[in-house]
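**Student:** Here is how the chains run, residue by residue.
There are 2 protein chains.
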Amino acid sequence: MKFSPLVDELIHALKMLPGVGPKSAQRMAFQLLERERKGGLQLAEALQRAMSDVGHCSSCRTFTEEDQCSICTSAKRGMSGQICVVETPADVLAIETGGHFTGRYFVLHGHLSPLDGIGPDELGLSLLEQQLASEDVSELILATNPTVEGDATANFIADIARKHEVKVSRIAHGVPVGGELEYVDSTTLALSFNGRLPL
Amino acid sequence: MKFSPLVDELIHALKMLPGVGPKSAQRMAFQLLERERKGGLQLAEALQRAMSDVGHCSSCRTFTEEDQCSICTSAKRGMSGQICVVETPADVLAIETGGHFTGRYFVLHGHLSPLDGIGPDELGLSLLEQQLASEDVSELILATNPTVEGDATANFIADIARKHEVKVSRIAHGVPVGGELEYVDSTTLALSFNGRLPL
Numbered sequence: 001m002k003f004s005p006l007v008d009e010l011i012h013a014l015k016m017l018p019g020v021g022p023k024s025a026q027r028m029a030f031q032l033l034e035r036e037r038k039g040g041l042q043l044a045e046a047l048q049r050a051m052s053d054v055g056h057c058s059s060c061r062t063f064t065e066e067d068q069c070s071i072c073t074s075a076k077r078g079m080s081g082q083i084c085v086v087e088t089p090a091d092v093l094a095i096e097t098g099g100h101f102t103g104r105y106f107v108l109h110g111h112l113s114p115l116d117g118i119g120p121d122e123l124g125l126s127l128l129e130q131q132l133a134s135e136d137v138s139e140l141i142l143a144t145n146p147t148v149e150g151d152a153t154a155n156f157i158a159d160i161a162r163k164h165e166v167k168v169s170r171i172a173h174g175v176p177v178g179g180e181l182e183y184v185d186s187t188t189l190a191l192s193f194n195g196r197l198p199l
Numbered sequence: 001m002k003f004s005p006l007v008d009e010l011i012h013a014l015k016m017l018p019g020v021g022p023k024s025a026q027r028m029a030f031q032l033l034e035r036e037r038k039g040g041l042q043l044a045e046a047l048q049r050a051m052s053d054v055g056h057c058s059s060c061r062t063f064t065e066e067d068q069c070s071i072c073t074s075a076k077r078g079m080s081g082q083i084c085v086v087e088t089p090a091d092v093l094a095i096e097t098g099g100h101f102t103g104r105y106f107v108l109h110g111h112l113s114p115l116d117g118i119g120p121d122e123l124g125l126s127l128l129e130q131q132l133a134s135e136d137v138s139e140l141i142l143a144t145n146p147t148v149e150g151d152a153t154a155n156f157i158a159d160i161a162r163k164h165e166v167k168v169s170r171i172a173h174g175v176p177v178g179g180e181l182e183y184v185d186s187t188t189l190a191l192s193f194n195g196r197l198p199l
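In order, the protein sequence lines correspond to chains A and B.
Be aware that the first sequence starts at 1, since it is given in our numbering, and climbs by one per residue.
Be aware that the second sequence starts at 1, since it is given in our numbering, and climbs by one per residue.
Incorrect hints may appear among the rest.
No copy is singled out in the list; a pair is fine if it fits within one copy or between any two copies.
Keeping only pairs whose Cα atoms sit at most 30 Å apart, straight-line, the calculated DSBU-like set for lysine-lysine is [unchecked claim]:
| # | residue 1 | residue 2 |
| --- | --- | --- |
| 1 | LYS23 | LYS76 |
| 2 | LYS76 | LYS2 |
| 3 | LYS38 | LYS15 |
| 4 | LYS167 | LYS76 |
| 5 | LYS15 | LYS2 |
| 6 | LYS23 | LYS38 |
| 7 | LYS2 | LYS38 |
| 8 | LYS2 | LYS163 |
| 9 | LYS38 | LYS163 |
Calculated directly from the structure, the hints in this document are not laboratory data.
Produce the entire structure from the sequences given, and follow the hints as far as they go.
**Tutor:** See below:
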């Protein structure tokens with residue numbers, strides 16, 4: 001059985017959201033129609049505006065509707081000369097939540113993945129190279145994910161940084177705070193031994 | 001840390017969907033911005049149209065953008081003269097999936113709940129009463145949920161039906177097919193004993 005065309009269309013469109021299956025989409029549609037018409041219209045407008053207007057920051061490639069994001073426009077953030085390279089805008093948020101990093105970011109929007117057609121151009125590495133060449137960058141901190149692709153991407157970017165004689169580092173991988181050695185996987189443990197610091 | 005205003009607004013609006021918390025909303029927003037701009041715009045349009053145009057069927061009160069829903073306009077569905085009373089449009093779908101019921105529906109959009117200010121008027125019972133009085137209804141089948149409120153609603157509607165001398169019944173509650181007696185709760189078991197049928 002089908003609902004009326006508009007309701008079907010709404011359920012179908014909601015299924016496109018990550019983690020939303022047919023049942024959840026149906027529940028969402030009915031909840032909106034039943035109790036949240038105003039909220040639904042607000043969501044429609046927010047979607048419409050975000051999809052049309054949000055682009056990438058011209059310096060760090062994170063999402064913003066301005067030419068430059070709030071971090072790149074802040075003079076304070078440029079002072080240290082550090083640039084942290086991350087895979088996604090969500091990573092920027094994770095690091096900003098800590099509040100300990102005072103430099104700027106560079107968002108790759110992915111990692112090198114030749115099989116999926118994602119090469120240096122898709123990650124905006126020419127923009128990064130340009131910044132390394134022309135700006136006063138004191139250190140490039142690579143915070144890509146500790147996966148095969150993330151590591152490959154980090155190595156690739158490290159080569160670029162060395163070419164421009166910019167100091168380059170990778171964030172530490174090891175036992176997380178609050179973790180118990182017993183439950184940490186062997187690769188992480190091996191990394192934590194390799195990355196040990198003198199006391 | 002905050003994202004740019006439009007992205008924040010989108011994340012905030014997505015949180016309004018049932019079952020979507022801050023993290024899921026963020027993931028949805030980024031996924032849409034990163035890979036599904038077209039889908040996002042489609043969702044915005046579907047939402048916009050559904051929220052503005054979808055109303056209630058003038059006969060059965062289910063969701064439709066027409067004056068009457070497809071079931072109420074079908075001559076075949078009116079022939080049996082049966083009306084099945086359910087709480088939500090999702091219940092209509094559940095029954096229609098079975099395909100065994102050939103009558104029409106009446107959707108309450110809730111159940112009697114005086115504390116929440118939901119009385120007979122909010123459930124459209126005057127419309128139902130009007131149909132019982134003027135149309136050729138052979139049987140009113142009450143399929144409200146087997147909860148305290150659902151039972152109270154069923155009893156309330158049964159009184160109305162009796163007033164109009166319309167045959168009224170309640171769907172059976174008991175052990176579900178494929179269920180094992182051992183794991184069925186005692187209230188359901190009691191109901192299944194009360195509702196036993198002669199063989």
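**Student:** Regarding LYS38 and LYS15, is the shortest C-alpha distance of 30 Å or less found within a copy, between copies, in both, or in neither?
**Tutor:** both (21 Å within a copy, 14 Å between copies)
**Student:** Taking 30 Å as the upper bound on the Cα-Cα distance, should LYS167 and LYS76 be classified as within, between, both, or neither?
**Tutor:** within (21 Å within a copy, 78 Å between copies)
**Student:** Given identical chains, is LYS76 near LYS2, meaning Cα to Cα at most 30 Å, within a copy, between copies, both, or neither?
**Tutor:** Only across copies: LYS76 and LYS2 sit 17 Å apart there, 57 Å inside one copy, limit 30 Å.
**Student:** At most 30 Å between alpha carbons: which applies to LYS2 and LYS38, within, between, both or neither?
**Tutor:** both (25 Å within a copy, 25 Å between copies)
**Student:** How would you classify LYS23 and LYS38 at a CA-CA limit of 30 Å: within, between, both, or neither?
**Tutor:** both (22 Å within a copy, 23 Å between copies)
**Student:** Could you place LYS2 and LYS163 in one of the four classes (within, between, both, neither) given a Cα distance threshold of 30 Å?
**Tutor:** neither (61 Å within a copy, 35 Å between copies)
**Student:** For LYS23 and LYS76, with the copy left unspecified, which applies at a CA distance of at most 30 Å: within, between, both, or neither?
**Tutor:** between (48 Å within a copy, 29 Å between copies)
**Student:** Is it within a copy, between copies, both, or neither that the alpha carbon of LYS38 lies no farther than 30 Å from that of LYS163?
**Tutor:** For LYS38 and LYS163, the Cα distance exceeds 30 Å both inside one copy (55 Å) and across copies (39 Å).
**Student:** As a check of your reading, is LYS15 near LYS2 (CA-CA no more than 30 Å) within one copy, between copies, both or neither?
**Tutor:** both (16 Å within a copy, 27 Å between copies)
Taken one by one, the earlier hints fail for this structure at numbers 8, 9, listed in ascending order.
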